[in-house]
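So the chains spell out like this:
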Amino acid sequence: MTAAVLAAVLGTALAGCSSTGGKRAEERAAREAAAGGRAAVNTPKWTFAMVTHSGDGDTFWDIVQSGAKQAAVKDNIRFLYAHNEEGKEQSQLVQSYIDQKVDGLIVTLAKPDAMKAVVKKAQKAGIPVITVNSGSEVSKAFGALTHVGQDETIAGEAVGDELNKRGREKALCVLHEQGNVGHEQRCDGAAKTFDGKMEKIYVEGTNMPDVQSSIEAKLQSDKGIDTVLTLGAPFADTAAKAADQAGSKAEIDTFDLNAKVAAALQDGTLGFAVDQQPYLQGYEAVDLLWLNRYNADVLGGGKPVLTGPQIITKDDAAELASYTKRGTR
Amino acid sequence: MSAEAPPVEELASRQPVRGSLPRRLAGRPELGAVVGAVAVFVFFSIVADAFLQWSSFSTVLYASSTIGIMAVPVALLMIGGEFDLSTGVLVTSSALISSMFSYQMTANVWVGAGVSLLATLAIGFFNGYLLVRTNLPSFIITLGTFLILQGCNLGFTKLISDTVSTKTIADMEGFPSAHKVFASHLTIGDVEVQITVLWWFALVALATWILLRTRAGNWIFAVGGAKEAARAVGVPVERTKIGLYLGVALAAWISGQHLLFNYDVVQSGEGVGNELLYIIAAVIGGCLLTGGYGSAVGAAVGAFIFGMTNKGIVYAQWGADWFKFFLGAMLLLATLLNWWVRKRAEESK
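Chains as they are written, first to last, in this note's numbering: chain A, 2 to 330; chain B, 307 to 655.
Looking at chain A on its own, in the form it has when it is part of the complex (with noise of 0.2 angstroms):
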């Protein structure tokens, strides 16, 4: 019975292919990936670890592992990665790194109150440690030796000024996690900078029709609002579908990129993305370790190495589109 189900599957599968799009286009447009996979240097196998707060399957610490991961094949790095969003277990994983004697660290500061102890030990057990994303602000404090990232308020301000510039008047910022500093401070950042009126509106990011509705009834009651502002690349496609069903002509625009955002951008559907270039902080963080177990070198001076934020408009999207596809923008 199940033989014949699988058989039945299988039989309607090849008769039911499909001759556009799949994974057999993505074949047929398949490009070599950029590290041949070999190491570049002939420094010993050391063992690098990064601990983040990121959820489950965030598109966003994807493309910074891989980041990440493409450093280590060249720099002949055994590269760990673990992630927790709770500070609490976040400071538990980098402790079971530390008891593990790890080569150096890489983590964020998201919660820093919770990662401050952690990060110290990490210092008195002489491992080097390298903040990414978040937590510009206290990482030399607590001992780390550079910070990569954008800073969350300059980026918000550089999306107040491109509002300004494209001549926008009421703005709605979408927050998809609530209690998320972050997200705060992007929001804050573009209202300071920003000469219009900017308002705030919480959505439950794990429920994309939720999304989908919030905004729509957002816009419906305010018919004012010229500019959707979302905060993760994910929910950009959203928002315009919201704008649409709202019979809404306000703008969307977006923080981060993903294949979907590359190609709105490209056919106009949204106006600006600000990118952060997470494929940077996980390179550069696993680069900068190597830098300095190899040849004792810091960047930045004590000032954190800033990645972003860079504005993306339909200009350059169609350069990058290739890059989302393949996760690595």
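Read the hints as simulated data drawn from the structure, not as lab findings.
Backbone N, C-alpha and C fix where the C-beta goes; we use that ideal spot for every residue, glycine too.
Beta-carbon label-pair distances, calculated as ranges:
no.	chain 1	residue 1	chain 2	residue 2	range
1	B	E534	A	D114	50 to 58 angstroms
2	A	Q101	B	W628	41 to 49 angstroms
3	B	D355	A	G301	47 to 55 angstroms
Straight-line Cα separation of at most 35 angstroms, DSBU-like style, residue types lysine-lysine; simulated pairs:
no.	chain 1	residue 1	chain 2	residue 2
4	A	K89	A	K46
5	A	K102	A	K117
6	B	K464	A	K112
7	A	K201	B	K464
8	A	K315	A	K201
9	A	K117	B	K630
One-sided and incomplete, this derived list gives chain B residues near chain A with beta-carbon spacing under 7 angstroms:
no.	residue
10	S362
11	Y409
12	T412
13	A413
14	D477
15	E479
16	Y569
17	Q573
18	E576
19	G579
20	V620
Following the hints, complete the assembly by docking chain B onto the known chain A.
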């Protein structure tokens, strides 16, 4: 619950009372929920200017329908005395399977949707079968499935697509027709209504018919109210429970296909926490947490109350920071009103 077999008439009496109209109304589990829904509706009509537009109503209906589609089978399951914590991520699994099968096989997207239907039903069957074979609490079994599916959603997506979201299938064959079936909107007058609303209404009608007009409906009330007694009078308890889990899986498949064909790309981490919304809708709608009592219409009204409250707060333009507070307070008020009305109705019987 006593292990002794009560007379069959007593089992049957768990169904709504028949008789004169007021008496029948008073016996309906959804009576309180309807009063609550009217109250919420009137309230937001007064405090929110934009709430009374047709376009707003369509938005509220959409929000309600995406919860309501799942709340209906979840309510039936609860009437049958069981829980399912895996429903939220099962919806995501269903969407992921469709998308990845179509993409990887370069198959017509309908083939992927078919495979996904089989796989989703298999997961529902797994829940039900394990439950009736082991007699463990459904809470534990479906918690296990919930975590397994959460892991699989992420693990398989990463393994197969090498990223945490699926690739776009919008350019593949079959997509336009599938989009029509699962994610289009109809224009009625000058109002756009999402097709999920129709799916929702159809499921409510189907479930109500099963509950009130078929033998299987009697079985559901019986296994939820008094399992051993039901077994003693010849109700196929195991078949009924497995059937209920299959119903949940079927609705999860419909929701999952909507997610996929509406948003085209599926994020593998989505859906966590939604299982609670479905249970909340069923409970607001009058389903008892202990089983044996409730209705599909009630669950639909419960979803509608949730949708109205959730969006009404946005229409009312209340402070965004306090959103969850208002949501909780409004739901509590609606449920209290619901409880009060039902108590009054029962007293007057």
